[in-house]
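Colleague: Sequence:
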Amino acid sequence: MQLTGDALNAPDLAAATALDISLSETTVDSNSGTGFSPGFLGLCWQKHQSGEDTIDSGLGEARKRIARGERGSERGTSIPLQFLYYRYFYITATSVLRLLLPLLIVVFVVVVVVVAAAAAAVVVVVIVAAAAAVVVVVIVVVVVVVVVIVAVAAAAVTAVAEQIIVIVVVAAAAVVVVLVVLIAVIFVVLVTVVVTAAAATGVVVVVVVVVVVVR
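Each residue of the sequence shown is one higher than the last, beginning at 1 in the UniProt record's numbering.
It should be emphasised that the hints constitute simulated quantities derived from the structure, not laboratory data.
Cβ atoms here follow ideal geometry from the backbone N, Cα and C, with glycine treated the same way.
Do not take every clue at face value.
Quick list of the computed label-pair ranges, beta carbon to beta carbon [claimed, not checked]:
id: 1; residue 1: T192; residue 2: V135; range: 31 to 41 Å
id: 2; residue 1: V189; residue 2: T92; range: 18 to 28 Å
id: 3; residue 1: V123; residue 2: L100; range: 28 to 38 Å
id: 4; residue 1: A118; residue 2: T92; range: 51 to 61 Å
id: 5; residue 1: V147; residue 2: V191; range: 14 to 24 Å
id: 6; residue 1: V111; residue 2: V143; range: 33 to 43 Å
id: 7; residue 1: V107; residue 2: L179; range: 45 to 55 Å
id: 8; residue 1: V137; residue 2: L97; range: 50 to 60 Å
id: 9; residue 1: V189; residue 2: A93; range: 20 to 30 Å
id: 10; residue 1: A132; residue 2: A200; range: 40 to 50 Å
id: 11; residue 1: A200; residue 2: I127; range: 39 to 49 Å
id: 12; residue 1: V193; residue 2: I149; range: 31 to 41 Å
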(Lines of atoms letter the chains of each structure in order from A and count residues from 1; the text may use other names and numbers.)
(Lines give C-alpha, C1' and ligand atoms only; values in the text may rest on other atoms or scores of the structure.)
Protein backbone atom coordinates (compact mmCIF):
# COMPACT_ATOMS: atom_id res chain seq x y z
CA MET A 1 0.00 0.00 0.00
CA GLN A 2 1.61 3.29 -1.13
CA LEU A 3 0.53 6.68 0.22
CA THR A 4 2.20 10.08 0.05
CA GLY A 5 3.05 12.74 2.59
CA ASP A 6 5.99 14.88 3.76
CA ALA A 7 5.27 14.11 7.39
CA LEU A 8 6.93 10.68 7.28
CA ASN A 9 10.16 12.16 6.00
CA ALA A 10 10.46 14.79 8.74
CA PRO A 11 13.37 14.24 11.16
CA ASP A 12 11.28 14.62 14.30
CA LEU A 13 7.77 15.23 15.58
CA ALA A 14 8.17 19.02 15.73
CA ALA A 15 9.12 19.16 12.08
CA ALA A 16 6.28 16.81 11.20
CA THR A 17 3.67 18.93 12.93
CA ALA A 18 5.03 22.04 11.20
CA LEU A 19 4.33 20.59 7.76
CA ASP A 20 1.33 21.59 5.70
CA ILE A 21 -1.45 19.07 5.08
CA SER A 22 -3.34 18.99 1.82
CA LEU A 23 -6.85 17.82 0.99
CA SER A 24 -6.43 18.59 -2.69
CA GLU A 25 -5.53 15.00 -3.55
CA THR A 26 -7.76 13.06 -1.15
CA THR A 27 -8.16 9.48 -2.39
CA VAL A 28 -9.65 6.18 -1.28
CA ASP A 29 -6.91 3.59 -1.04
CA SER A 30 -7.82 0.13 -2.36
CA ASN A 31 -6.38 -1.63 0.70
CA SER A 32 -7.48 0.65 3.53
CA GLY A 33 -10.56 2.39 2.15
CA THR A 34 -9.89 5.31 4.48
CA GLY A 35 -10.62 8.19 2.11
CA PHE A 36 -8.19 10.49 3.96
CA SER A 37 -5.55 12.59 2.26
CA PRO A 38 -2.00 11.15 2.21
CA GLY A 39 -0.70 14.04 4.33
CA PHE A 40 -3.41 13.39 6.92
CA LEU A 41 -2.43 9.73 7.36
CA GLY A 42 1.23 10.63 7.24
CA LEU A 43 0.94 12.97 10.21
CA CYS A 44 -1.09 10.39 12.14
CA TRP A 45 1.56 7.75 11.52
CA GLN A 46 4.34 10.12 12.58
CA LYS A 47 2.43 10.81 15.81
CA HIS A 48 2.00 7.11 16.44
CA GLN A 49 5.62 6.29 15.64
CA SER A 50 7.05 9.00 17.90
CA GLY A 51 5.32 7.67 21.01
CA GLU A 52 4.90 11.22 22.31
CA ASP A 53 1.20 11.51 21.64
CA THR A 54 -1.86 9.35 21.07
CA ILE A 55 -3.24 8.50 17.69
CA ASP A 56 -6.52 10.20 18.47
CA SER A 57 -4.83 13.48 19.40
CA GLY A 58 -2.76 13.22 16.23
CA LEU A 59 -5.94 12.85 14.24
CA GLY A 60 -7.42 15.81 16.09
CA GLU A 61 -4.45 17.99 15.25
CA ALA A 62 -4.58 16.89 11.64
CA ARG A 63 -8.28 17.72 11.42
CA LYS A 64 -7.65 21.19 12.85
CA ARG A 65 -4.96 21.90 10.30
CA ILE A 66 -7.15 20.59 7.50
CA ALA A 67 -10.00 22.82 8.70
CA ARG A 68 -7.67 25.83 8.43
CA GLY A 69 -7.17 24.99 4.77
CA GLU A 70 -3.41 24.47 5.03
CA ARG A 71 -1.83 22.90 1.99
CA GLY A 72 1.57 21.54 1.08
CA SER A 73 3.58 19.42 -1.30
CA GLU A 74 3.41 15.64 -1.20
CA ARG A 75 5.78 12.94 -2.32
CA GLY A 76 5.84 9.16 -2.13
CA THR A 77 6.19 7.27 1.15
CA SER A 78 4.79 4.10 2.73
CA ILE A 79 2.46 3.63 5.71
CA PRO A 80 2.36 0.11 7.27
CA LEU A 81 -0.94 -1.74 7.10
CA GLN A 82 -0.64 -2.49 10.85
CA PHE A 83 -1.12 1.19 11.64
CA LEU A 84 -4.37 1.35 9.69
CA TYR A 85 -5.52 -1.89 11.33
CA TYR A 86 -4.79 -0.46 14.77
CA ARG A 87 -6.46 2.89 14.04
CA TYR A 88 -9.59 1.73 12.25
CA PHE A 89 -10.26 -1.71 13.72
CA TYR A 90 -8.68 -2.20 17.15
CA ILE A 91 -9.63 1.21 18.56
CA THR A 92 -13.14 0.96 17.11
CA ALA A 93 -13.65 -2.53 18.55
CA THR A 94 -12.43 -1.53 22.02
CA SER A 95 -14.63 1.57 21.96
CA VAL A 96 -17.69 -0.53 21.13
CA LEU A 97 -16.85 -2.95 23.95
CA ARG A 98 -16.52 -0.05 26.39
CA LEU A 99 -19.97 1.18 25.35
CA LEU A 100 -21.52 -2.28 25.68
CA LEU A 101 -19.85 -3.16 28.99
CA PRO A 102 -22.39 -1.35 31.25
CA LEU A 103 -25.27 -2.99 29.38
CA LEU A 104 -23.64 -6.42 29.69
CA ILE A 105 -23.19 -5.87 33.44
CA VAL A 106 -26.85 -4.87 33.80
CA VAL A 107 -27.99 -7.94 31.86
CA PHE A 108 -25.80 -10.17 34.06
CA VAL A 109 -27.27 -8.62 37.22
CA VAL A 110 -30.80 -9.08 35.87
CA VAL A 111 -30.16 -12.75 35.15
CA VAL A 112 -28.66 -13.31 38.60
CA VAL A 113 -31.56 -11.56 40.35
CA VAL A 114 -34.22 -13.46 38.40
CA VAL A 115 -32.52 -16.81 38.99
CA ALA A 116 -32.08 -16.04 42.70
CA ALA A 117 -35.74 -15.01 43.03
CA ALA A 118 -36.90 -18.17 41.27
CA ALA A 119 -34.68 -20.34 43.46
CA ALA A 120 -35.96 -18.62 46.61
CA ALA A 121 -39.56 -19.12 45.48
CA VAL A 122 -38.95 -22.82 44.87
CA VAL A 123 -37.30 -23.24 48.28
CA VAL A 124 -40.18 -21.49 50.06
CA VAL A 125 -42.79 -23.57 48.24
CA VAL A 126 -40.97 -26.81 49.07
CA ILE A 127 -40.66 -25.87 52.75
CA VAL A 128 -44.32 -24.91 53.01
CA ALA A 129 -45.42 -28.07 51.21
CA ALA A 130 -43.31 -30.24 53.52
CA ALA A 131 -44.68 -28.50 56.62
CA ALA A 132 -48.25 -28.89 55.35
CA ALA A 133 -47.68 -32.58 54.65
CA VAL A 134 -46.35 -33.14 58.17
CA VAL A 135 -49.34 -31.36 59.71
CA VAL A 136 -51.80 -33.37 57.61
CA VAL A 137 -50.13 -36.64 58.61
CA VAL A 138 -50.29 -35.70 62.29
CA ILE A 139 -53.97 -34.75 61.98
CA VAL A 140 -54.81 -38.02 60.22
CA VAL A 141 -53.04 -40.04 62.91
CA VAL A 142 -54.89 -38.17 65.66
CA VAL A 143 -58.24 -38.71 63.94
CA VAL A 144 -57.59 -42.44 63.50
CA VAL A 145 -56.66 -42.80 67.17
CA VAL A 146 -59.76 -40.89 68.24
CA VAL A 147 -62.02 -43.02 66.04
CA VAL A 148 -60.54 -46.24 67.40
CA ILE A 149 -60.94 -45.07 70.98
CA VAL A 150 -64.53 -44.01 70.32
CA ALA A 151 -65.36 -47.33 68.64
CA VAL A 152 -63.97 -49.31 71.55
CA ALA A 153 -65.72 -47.15 74.10
CA ALA A 154 -69.03 -47.30 72.20
CA ALA A 155 -69.21 -51.06 72.63
CA ALA A 156 -69.07 -50.80 76.41
CA VAL A 157 -71.33 -47.89 77.22
CA THR A 158 -75.02 -47.12 77.20
CA ALA A 159 -77.02 -45.54 74.40
CA VAL A 160 -76.69 -42.06 75.94
CA ALA A 161 -72.94 -42.37 76.07
CA GLU A 162 -72.91 -43.47 72.43
CA GLN A 163 -74.66 -40.24 71.46
CA ILE A 164 -72.05 -38.22 73.33
CA ILE A 165 -69.27 -40.13 71.59
CA VAL A 166 -70.84 -39.49 68.18
CA ILE A 167 -70.93 -35.78 68.94
CA VAL A 168 -67.26 -35.85 69.93
CA VAL A 169 -66.29 -37.68 66.73
CA VAL A 170 -68.22 -35.22 64.58
CA ALA A 171 -66.56 -32.31 66.38
CA ALA A 172 -63.12 -33.90 65.88
CA ALA A 173 -63.83 -34.37 62.18
CA ALA A 174 -64.90 -30.74 61.89
CA VAL A 175 -61.68 -29.64 63.58
CA VAL A 176 -59.66 -31.74 61.11
CA VAL A 177 -61.46 -30.21 58.14
CA VAL A 178 -60.90 -26.69 59.48
CA LEU A 179 -57.19 -27.37 60.01
CA VAL A 180 -56.77 -28.78 56.49
CA VAL A 181 -58.53 -25.77 54.96
CA LEU A 182 -56.42 -23.41 57.07
CA ILE A 183 -53.20 -25.10 55.94
CA ALA A 184 -54.31 -24.88 52.31
CA VAL A 185 -55.09 -21.18 52.68
CA ILE A 186 -51.70 -20.51 54.31
CA PHE A 187 -49.96 -22.42 51.51
CA VAL A 188 -51.78 -20.47 48.80
CA VAL A 189 -51.03 -17.15 50.52
CA LEU A 190 -47.33 -17.96 50.83
CA VAL A 191 -47.07 -19.03 47.20
CA THR A 192 -48.91 -15.87 46.12
CA VAL A 193 -46.57 -13.69 48.18
CA VAL A 194 -43.47 -15.37 46.74
CA VAL A 195 -44.70 -15.12 43.15
CA THR A 196 -45.74 -11.49 43.65
CA ALA A 197 -42.35 -10.63 45.16
CA ALA A 198 -40.54 -12.30 42.26
CA ALA A 199 -42.71 -10.44 39.74
CA ALA A 200 -42.15 -7.12 41.52
CA THR A 201 -38.41 -7.76 41.54
CA GLY A 202 -38.51 -8.46 37.82
CA VAL A 203 -40.44 -5.26 37.16
CA VAL A 204 -37.97 -3.21 39.21
CA VAL A 205 -35.02 -4.76 37.39
CA VAL A 206 -36.61 -4.07 34.00
CA VAL A 207 -37.25 -0.44 34.98
CA VAL A 208 -33.63 -0.05 36.12
CA VAL A 209 -32.36 -1.54 32.86
CA VAL A 210 -34.55 0.80 30.81
CA VAL A 211 -33.39 3.83 32.80
CA VAL A 212 -29.72 2.85 32.44
CA VAL A 213 -30.04 2.23 28.71
CA VAL A 214 -31.98 5.46 28.08
CA ARG A 215 -29.52 7.56 30.07
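Colleague: Within 20 to 30 Å or not, the Cβ separation of V189 and A93?
Modeller: violated (53 Å)
Colleague: Assuming the hint says 28 to 38 Å, is it satisfied by the Cβ distance from V123 to L100 or not?
Modeller: holds (34 Å)
Colleague: Does the Cβ pair V111, V143 satisfy 33 to 43 Å?
Modeller: violated (48 Å)
Colleague: Between A132 and A200, does the C-beta distance stay in 40 to 50 Å?
Modeller: violated (25 Å)
Colleague: Given the hint of 18 to 28 Å, check if V189 and T92 actually sit that far apart at their C-beta atoms.
Modeller: This hint is violated: roughly 55 Å between Cβ atoms.
Colleague: Just to be sure I understand the hint, the distance between the Cβ atoms of V193 and I149 should be within 31 to 41 Å; is that true here?
Modeller: holds (40 Å)
Colleague: Go ahead and decide if the range 51 to 61 Å is satisfied by the Cβ distance of A118 to T92.
Modeller: Distance hint for A118, T92 is violated at roughly 39 Å.
Colleague: Range first: 14 to 24 Å. Now tell me if the beta carbons of V147 and V191 are that far apart.
Modeller: Once the Cβ atoms are compared, 32 Å apart, the range 14 to 24 Å for V191 and V147 is violated.
Colleague: Against the range 31 to 41 Å, how does the distance between the Cβ atoms of T192 and V135 compare: consistent or not?
Modeller: Once the Cβ atoms are compared, 19 Å apart, the range 31 to 41 Å for V135 and T192 is violated.
Colleague: Within 39 to 49 Å or not, the Cβ separation of A200 and I127?
Modeller: violated (21 Å)
Colleague: Using the C-beta atoms of V107 and L179, is the stated range 45 to 55 Å upheld?
Modeller: This hint holds: roughly 47 Å between Cβ atoms.
Colleague: Between the beta carbons of V137 and L97, is the distance compatible with 50 to 60 Å?
Modeller: Given a distance of about 58 Å, which is inside 50 to 60 Å, the answer is holds.
Comparing the model with each earlier hint shows violations of hints 1, 2, 4, 5, 6, 9, 10, 11; every other hint is respected.
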